Each structure stands twice: as C-alpha cells, then as structure tokens.
Amino acid sequence: MKSKRIHAVFLLFSINAVLLGNQQKTIKDDLGFPFVMTSPPQRIISLAPNITEILFDLDLGEKVVGVTRYCDFPEKALKKEKIGGLVDLNLEKIIALKPDLIIGFRGNPLRIIERLRGLHLPLFVLEMGTNLETVFIVIEKIGTITQNDKKADILVESLKKRYDKTQAAIRDVQHEPRVFLSIHGTGLWTCGKGSFLNDLVGKARGVNIAGKIPRKWLHYNREQLIHDNPEVIITLSKSQTEFSKVREWIKNEAHLKGIKAVESDRIYFLDENLATRPGPRLIDALEELARILHPQFFKEER
Amino acid sequence: MKKLRLLLVLLILLVAGILISLLEGPVETNFNDLWNLIINNDSTFRTIFIDLRLSRALLAFLVGASLSLSGAILQGYFQNPMAGPFVVGVSSGASFGAVLCIYLGLNLRIIGFSVQSIFAFASGFAIVSLVYLLSQRKGVFKVETLLLTGIAAGALASALTSFMIFLKADSFEQAVFWLLGSFALSDWNQITAVLPYFFLCFIIAQWLAKDMNLLVLGDDVAQSLGCPVSGVRKTFLAISTFLAASSVSVSGIIGFVGLIVPHWIRILIGPDHRHLFLFSSLTGGIFLLYSDLLARTLLHGELPIGIITAVVGAPFFIYLLSQRK
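Each protein sequence line maps, in turn, to chains A and B. Position one of the first sequence corresponds to residue 1 (our numbering), numbered consecutively onward. Position one of the second sequence corresponds to residue 1001 (our numbering), numbered consecutively onward.
Extracted from the complex, chain B is given alone in its bound form:
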C-alpha cells in the first residue's frame, strides 16, 4: 500500500515537473501557448516547446533514472550504501573516455553506437574493474578501500580529463560541461541515444533483481540457493557501468544522484531489489528533472547542474558518513 502511494506521488511529481519545464524558460510562454500547440497545432512556439524544453526535460529524467539505477545496482553489488557511479569512479572514467574521443577527433558510429559512448563505456568499465580489483585484499573485500580507491581513481581520471581540455583549449565551456554536467544543449538525438539502453538495462536489472536479493546474503549462500553468482555479478557490473557511461556521454558528470537517491529509496521501501530498481529510477529521474529546472531558472543564464546536485547531495553524503559506526 505504501509503495502504491509513493508511486502515485512520484507520477504526479513527474507530470507536474514536465509541465513546469515546458512552461518555464527565458522566452515567456503561458499555458495558452502550449494549449494552442497541442490542440490547434499552432507552430509559433513548436521548436521552443518540443525541441528545446521537452527534449531537455525528458533527457534530464532519463539521465537521472539511469544514474540512479546504476547506483542502486552498485549499492547492491558492493552491499554498501556509499557506492554510486560517481563514488566508485565510473562517472569520471566515462567522462575521461568521452573527452579522449573528442581529443582524438573521432566522430563515428559503429552499429548504432557512437564511438564516444563506446570510449566512455570502456574507460568507465576499466576504472570500475580496477577499483574493484584493488579493493580486494587477499580475497577479503573492504568497503573503506573501495571508497578510497574509487575516489582516487576518479580524481585521476578527472585530472586527465582537465589536462586534455587544457591542451585542446577550445573553450572553458567544454571543461564546465564535462566536469559539472549540463542539459543546456539537449536534443532528440541524445534521447534516442540513451532511451533504448536505459530500457534494456532496466529490463535486465529487473529480471535479475531476485538474484541480487540473494547476492546480499553472501556469494556462497546465493550459489547454494541456485543463483549463478559469477554470471549475475558480471552482468550487473556491466549494465551499471553502461548506464553511467551513456548518461555521462550526453550530459557530462552529474554527481550524487546515483548515490543519494537509491539510498533514500532503500530507507523508504526496504531492500527488495525487485522494487528498489523501479523506484530508484523514477525518483532519480524526477530529482534531476527538478534540479535541471533550478539550474536553468535560478539565475539569468545557466548553472551547471552538477552544482545543484552537489549542494543537495553533499550534505546528505556527510550525514551518511556520520551515521556509520
């Protein structure tokens, strides 16, 4: 019952958020203009409503959902509420790959994937594997080591990213985009680039959710209960990396979403991953949708969205640390 109510609230927030996103912007528009577009097919504001504002709202939602789902998976995978795509270094790694691709001037598509997202995925995956290997000492897995290694690896990747941007020196704008994230230039192509992968990863995650519940009991127990542990683990690691990488390649690094949202949802509805994945995705999407709304309306001009999510997320992260024993 509680879940149903939460779902209802989230859906209302989502619809309201999209509506506000459509109506708010530097060019003054009101409900009538929107009504005229939908009912009378009046094209005066079509580009502004559809190509700019709607695409932006949907992309913010999708990226938020992807990052949160990625975080929910990583938290289950590492059995730790501190995990998240930013903390374990996936985001920074993916951003490194994407910028490397730009630096090398590669702009191709291979079977529907842009080279940029392949690079983002590969380097994100490399970082997370490295972090995982380094945080295992003699078979014992230490959470502190994981977090610290993740932060160190992430910092290294960010430094290299900044270095490439510095060398290329096209503009400061690029540095801000890749390191703090933005949806200012969202378009429908980016949505078609993210949407299918999000759905695919979501379906796989949902399908394996029961196995994730078993993993929490420990690998040996899970194995004895009939869970193909190693395969499941590999799949989860791959899709969580993929989700973070595809988000980063369209919006730059946006921190904290993948960390605080799944954690908060776990507190709200409990640790069952069959529900956790759905609610995390939905809430993360709504969180970024509203964050982006703030990012583009708080000041004249645009704020990098990473500033907003960090301002909300960092205190929460500190709170989490203080709660740990």
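In isolation and in its complexed conformation, chain A is listed as follows:
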C-alpha cells in the first residue's frame, strides 16, 4: 500500500518535474497566504456547499473526503463525512481525515481559518465576491489547485454559454421591474448592495429595491417596502411547501395589500439552494429569475 503510494507520488513528481522544471509551484489564496502545489490532491475537504458542488462538477467527487453538514448537493455529497457547519468546524475531524487540500471561503470565521493554518494544514481560502462572474473565477481557481484546469475550463465555458444565451434572450427588455427578494427567516430579510444575489437580479434585468443599501444581508423596513412598492416579490425558499406558507403570509398581511406585487399576485418561488450558493447552479437561478421577470421573452421554449 505504502510502496504503491510512494510509487504514484514519484511518478507524479517526475511528470511535474518535466512540466515545471522540477519546481513546486506556489500560488496565493484569496487571503494572500501562500499555497504550495505538489501532486494533485487526493483527499479534499470542502468547507462550503458551493465548493462541494463545484468539486463534484469537476468529477472530483471521489476525492472529496469531508464536507459540511449543509452540503446536500449532489446527493452523493450527503454520504461524505461531515466536518461540522460553516462556522462551527470540527478541527479534530478535519485532522483525522488527513486532508491534502482544504478549500474554505471568506464566510468561514477568520479565527478558524487562522487556527487551521496554525496546524499547518494545506488550506486554500476563496473570496466569493459580489457578482456572478466571480463564480467563473472560483471554478477556475478550484481547477488550478486541484490540478484539473481543463475540466474547469470546460465547465466555465458551458456556464458562460448559458449565461450569454440568457442575456441574449432578455436583450430587448424595455422595463426592468422593481423586485423585492425575500429571504427565508423571520420578517423581511433581504439582500443589499454587497451580495451576488443583488447582482443576479440586475443581470436578470430587474431592480432590487434594497440594492442601494451598502450591506450584504439586512432586515428591510416595512414602511420602506410599502413606499418602494415592488412589482415582483421573489421568495427564496427550500421547498414549494415552505414557499406557499410565506406566500400566504405575504398575501394576508393587511399592510402589504396595496403593494403592486401582491395586488397582481406576482409572488414567485426561487429555490434557495440555487440562488444562495455561488456555484455552477447560480446560472440555473439566473435562468429561472429571467423567466420569472420577463416571461414574454421565453414563450417559444414553453
């Protein structure tokens, strides 16, 4: 077993040596810390659902040894060892899995990131950015550190194609409706300027009414909501049943009755898992959102 591994490592090393002139390549992660690339990682731990989704899309599912308890897509990810949540990572479990690559993101608390680094674990932290394009960059970066650049290129290429297609379809939009994004939680949670969801609404040719507020997530004021009078309300929910509950609630709130979206019954469902994870499925969310906001441009497909 051991000799086999050494053999494999040796083989890879010699390939590396030919390609890179016998050099280990060091790149920087998005926090500016160096990451040494040696042989392609065989035991990967993902610290976020979107990272897990990207890894599986790059056909690296078999090499993933640990995921968070929120990593529920694709279904195979559910069978992987759980290493805690996004903010309450279990250090012992991470170490026991002997990872040769841990991919985290800026949403993991910095204190935990520092602690992992202090334990000399091979860690790469990604910045998820504030717009949809970052997804392409993140996929390319994961491709680089897993030494799977070609697959990453192919994936990004196909996503970009779909993105362009959607953009072309809504090219002639005259009126961009005012949108209120309602995020599951107590009260009127929504997203502001700094979130990629805001960017998503813009790219689907809508106007996020909270889009000028310089916060990622915020509690929207009811008065403000009535004043802004959104034409469409998009409800991010985990399931249709959850959505119907929120929809009922919105429709029955007396003070929201006068809002255009409620009057014209333009309250729609958007799968929370598609829209809140900056991974490949964000394009699904964009297509869905474009269809919801501008159904007239997608008629022939239906």
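Note that these hints are calculated values from the structure, not bench results. You can take every hint at face value.
List of simulated lysine to aspartate or glutamate pairs, EDC-like, C-alpha gap at most 20 Å:
1. A:K80 <-> B:E1028
2. A:K98 <-> B:D1042
3. A:K98 <-> B:D1051
Values in this document were obtained by computation on a predicted structure and should not be read as measured data.
Guided by the hints, dock chain B onto chain A, whose structure is given.
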C-alpha cells in the same frame, strides 16, 4: 490537615480531568492510542492529542485559575463575597477592548504583549476604576452601589461590544465567542500568552497575601500595622484586572467562575489569603476544565462554555443573595 486533604483531592481531580479531556472527543481514541503516543511516539493522533485536546485542557485550566484568582483578589479588595471580575465589570470591559482592537483591525505585538490584550487590559482597568470611583460616596464605600454600578457598566460595555460586532458583521460566531466564551480554537500560542502573566500575578498576590489579610481589618488599622495600604491596593487592583483581561482576550467572557469559586473556597478553608489564593486558582482551573469538557461533549458540536458556568453559577449567586441580611 483539612487543607492537605483538599489539596490532594484537587490534584487527583486535575489529573483525572486532563486525562478525560485527552481521551474524549469527536474522533474516537482510546487509552492505547494515548499510550502509543507517549511510549512509542506514534504520531497518528499526535495533533489531536497534543495540539487540540491538551492545549485546550490546559488553557481552560489556566483561564479558570486566572479568573478565580482575580475574583479572590477582588473579594478581598472590596471585602465582599459578591465581587468578581464579571460582577464589577472587568470582564465585559476587557472584552470590549479586545473587540475594539479587532474592529480597528489592529494586530500588532509590543514588547511581547499583543495589542489586543493591552486594549483588553486598558478598558477593563478603566471600567473597574470608574466603578470604584462611582461607588464611593463622600468617602463612604457602599457595596450595593458597587454591585449595581458594576452591573450597569458591564451591560454598557457588552452593548457596545455587540454593536461593534453587528457593524462588522463578520459572523454570529464571533458574537457568541466574545459574549459567552469558548475554548474551541485554543492553541499553544494562547497558553504562552496567558501562562507567564498568570504566574507573575500569582507570585505577586501570594507575596502580598499577608497585606491583604491586614486590609480586611480596615485601611487605618492596616496602615498602623505597617502595611503600605495605597501601594498594596493599587497593585492588587492592577493584577486582578490583568488576570481577567488576559483570560478574556483568549477565551471571551466566561461568567461566574471568578465569583463562586473563591467564595466557596473561603467557606471551606477560611479567610486567610495566603491559602485562599492558591486554592481558588486550583479549584477555578479544575472547575473550568470540567465545564469545558461538558461544553464539548454534552451535544454534538460545541456549546459556549459561558452557558455551562452560568447554569451552575447563577443559582449559586441567587443563593448568596438570599443569604444576605
């Protein structure tokens, strides 16, 4: 004789606690694995045993010892069993300073001290001095005023801390850490940051213990018996603040340890500070060691340790209040 027996019990509890801490955790390990590490230098579980579990157990012990010693000093200083680093506002003040430092993005070291602990110390010290000044009315020192002022000042500091965390909004995890405490991310650097100061403060406290015994008789009596009252008082206030601040800067606010442990020890072995300081430190350390063990094993995942100490400590505090005449 009674003290010797207590010491023996405490030492046994300490060793047992460290051993259990080493063996318990989300990754299954048994005594053999530990044995293999120590005797055969088997490195399979080295990181888990040494870097995670041992560092955590020792840090919990050190912080417990620091907070208890701080409490023992404050109780002697204010001549009141209700005093403690949390009650007089030092802990909340120190946590405010530490969070302020993070908020401003300062991450420096000045002659071995991290700026964070300097901030924690400064704001903890400011709060305790303020509380002390406000609770003195025309030279008369009122215990009720002290407690209420301390609680008010502590609440204010906590509110400001929450406000900064809200503005920065990095994560909810940070808020929980600073307001309820945790040892989940302990490492050896934190131990080297706390250990020397604990020893230094402990030695000074032990050295001045006799003077503390005199202070209890009243400042005038102490002065006439040759105790340099004002110097001794300043030193004690400084080291008790320093102990609480250095604890808070590595583990967040952990309430009640510094209140109930020294009080209980005083009931057990009497009011002589020469023994009180040692036993309080030891017991406080053991108390937090076991509390942390509960915090990380009671549920899957971690509980903030402040919940455990409050669940044990709050009823005791209420009991104390009901005993007062």
